[in-house]
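Based on the hints, put chain B in the right spot on chain A.
2 protein chains.
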Amino acid sequence: MPIIVQKFGGTSVADPDLIRNVARRVAKTRDQGKQVIVVVSAMGHTTDRLVELARAVGDCTPEREMDMLLATGEQVTIALLAIALTGMGYPAISLTGAQAGIITDNAHNRARIVSVDQERIRQELEKGQIVVVAGFQGIDGRNETTTLGRGGSDTTAVALAAALNAEVCEIYTDVDGVYTADPRLVPEAMKIDCISYDEMLELASLGALVLQARSVEYAKHYGVTIHVRSSFNDNRGTLVKEVSGMEECRQLSGVAHDVNVAKIGLFDVPDRPGIAKHLFKALAAEKVDVDMIIQSWMRSGKNDIVFTVTRDDLPRALPVVKRVVGEVGAAGMDYNDHMAKVSIVGAGMVSNPGVAADMFEVLAKENININMISTSEIKISCVIEEDEVIRAVKAIHARMIEKQPA
Amino acid sequence: MPIIVQKFGGTSVADPDLIRNVARRVAKTRDQGKQVIVVVSAMGHTTDRLVELARAVGDCTPEREMDMLLATGEQVTIALLAIALTGMGYPAISLTGAQAGIITDNAHNRARIVSVDQERIRQELEKGQIVVVAGFQGIDGRNETTTLGRGGSDTTAVALAAALNAEVCEIYTDVDGVYTADPRLVPEAMKIDCISYDEMLELASLGALVLQARSVEYAKHYGVTIHVRSSFNDNRGTLVKEVSGMEECRQLSGVAHDVNVAKIGLFDVPDRPGIAKHLFKALAAEKVDVDMIIQSWMRSGKNDIVFTVTRDDLPRALPVVKRVVGEVGAAGMDYNDHMAKVSIVGAGMVSNPGVAADMFEVLAKENININMISTSEIKISCVIEEDEVIRAVKAIHARMIEKQPA
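Chains A and B, in that order, give the protein sequences.
Start counting the first sequence at 716; every next residue gets the next number (my numbering).
Start counting the second sequence at 716; every next residue gets the next number (my numbering).
Only chain A is shown next, with the shape it has when bound in the complex (with noise of 0.2 angstroms):
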């Protein structure tokens, strides 16, 4: 009997009710034959509650303990849904992370899945079985339990599909699929049927929030078809696959935008081997994430290094920047907390040279002025002022995305 692999997030299982609404549609795909595996996230905001909880009771959360706490969140929703698949008559069990089998790395809280032992799972299914397995958590080498981190049961979904041979891992949302840009601010926005890996990871880390990237690089690892879909329609969502030739999907997959973007520049860096290496380092021990950077060649020789970091990181990396810049003779820096990035991902952008220059001459028609450019074969990304981001995407997507053929 085929294996399908579904899973829920936080939304859909927020109450007594929708939990019900899942437990009706896993019913559903059960009566057609197939063998189903259940991954389900927290119940609506309860691990933020949890999260509250801890800063409430003391001042530091180690995170052992943390992944102790918030591990409690799947596993109420996990009892919960075999509870009403056994109400509606469906055999059902419910598997802790650790019971399923997800063997992780010891980082808590952000720890990596290293192996599934899928033997329980198994047994559970040859028995008839719907498995309800929690996602988000694991278990290390000395019995101890981890999270995977935020968006953590899309990857246990997808690590599940890949050692059980699922025909298809599907992970429920609340909107129809991956869409051209997002929908609540492009209304002509089309759901996308195909897309590949490749393009999905590009989306995924630039703000599209649909699936956690490294669930995707896990799909394409173990080449693990990914079904994107609503839980609150029937509608046929989106395919994340290996594409094997062009015509099957879209040259243009989409436009992606991210306004949790900071810029920090430093003038005047004289020029001298090892200045870059020196302030990146720097930060990297400060644990910012470092996004774009450019490097800008003067005549005089000096030049200046401009990069971006998220907002987030922006008080750690501050106080980094000034440091290097005395350390080095810079003649100074400056920083920006309102920027953003709007970016055009395709599969066909590397044998089409042309999409940079549409884009940037889109963003010239609109008198959108771009500060950073950074490419790869399938997408151009450009940082632009926060308040010019809404504009630039409805133009990108009105000019670039609805005027190719569909």
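FYI, nobody ran anything at the bench for these hints, they're computed from the structure.
Model, not experiment: these values are computed from the prediction.
Cβ coordinates follow ideal geometry from the N, Cα and C atoms, glycine included.
It cannot be assumed that every hint is accurate.
Unchecked claim - Here's a subset of chain A near chain B, in silico, CB distances under 8 angstroms, partners left out:
| id | residue |
| --- | --- |
| 1 | Ala769 |
| 2 | Ala771 |
| 3 | Val772 |
| 4 | Met783 |
| 5 | Thr787 |
| 6 | Gln790 |
| 7 | Ala799 |
| 8 | Ser809 |
| 9 | Gln814 |
Stated by the list, open to error - So, partial list: chain B residues that the calculated Cβ filter (under 7 angstroms) puts toward chain A:
| id | residue |
| --- | --- |
| 10 | Ile734 |
| 11 | Arg735 |
| 12 | Ala769 |
| 13 | Pro777 |
| 14 | Gln790 |
| 15 | Leu795 |
| 16 | Ala799 |
| 17 | Ser809 |
The following block gives chain B in isolation, referenced to the frame of chain A:
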């Protein structure tokens, strides 16, 4: 370094402030040079709330899934207490029942502890950690989470105290200890300084809800000294331990009462062998717990059988009794679900035959009719009408407990 086990119930950890209060008390014990193992229950009404959620999603609540669900309650508390202790500068680690080596049988919802694997706890104590253990839960031989039934955290604490040879098992509660009567009914009730296991067992099973009866059995079996005390002050509470000499403890320990009593009578039952067996086997098959049984002989060769059950069991008991009345040819049946039981408990009873007579005299003076009587070596119980029970408790306490030499 001596080991102390401290157990805090749900009311002692009901919110973040109370959890920090518990942490301060644990820290103080640590400062006194003790190794501390803390056992905690779920916060406040968490368990009730989880049961409600389960009922909201399904009509049937499989026992295994209920254990999966309910075990999360204690897991939240252990993480929060470990976080609170760490925040105060006291190294602490939380352990689930499974991690703490609480091995049980596989009777979900009412599991019994079969052994304690103390290796992990020993390791953590040797590292200087305060070990915070989830009460009420364990793991069976198939890696399944089990729970010990309501009040099971007391049993967890006593089992750990026994396995690790702790000098005392402190049970913290919202009263100062075990009293000679319920202080809410009898303001003159006195705290008992020390009480034997057998007397405590009688009090526990007679409705004094301070300690779970099974934990007292466990403590008796392993010779664990229990100290019942308040989590809100430093008063010395009640020691429950093996009492060697009469001089050590008061002659009468206390008055207990229980209003969860229903009485069922069968009239004119033919006097043939095997009828009682037939009746009580049929009741046992429906899982009805029978407490007191009285069979009164008549001259006519017929007799009455009267017995008590809890009020919760009455709906299951009545159809059985009606059926048996027909099968054995009795004249009829009757029941009363407004009965109560009042008991006096004390180790001195066996050597003092006047106690029973004194008790009957006190009730007679109060014009309280005794329906049924049962006695053991250390207790005398009378079944009376529910609306007379408070008067009975007060009178027995005043005439038999307050009057005796302290």
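These are the hints, each one checked on the structure:
no.	hint	result
1	Ala769	5 angstroms, holds
2	Ala771	4 angstroms, holds
3	Val772	4 angstroms, holds
4	Met783	4 angstroms, holds
5	Thr787	4 angstroms, holds
6	Gln790	5 angstroms, holds
7	Ala799	4 angstroms, holds
8	Ser809	5 angstroms, holds
9	Gln814	6 angstroms, holds
10	Ile734	5 angstroms, holds
11	Arg735	6 angstroms, holds
12	Ala769	5 angstroms, holds
13	Pro777	5 angstroms, holds
14	Gln790	5 angstroms, holds
15	Leu795	5 angstroms, holds
16	Ala799	4 angstroms, holds
17	Ser809	5 angstroms, holds
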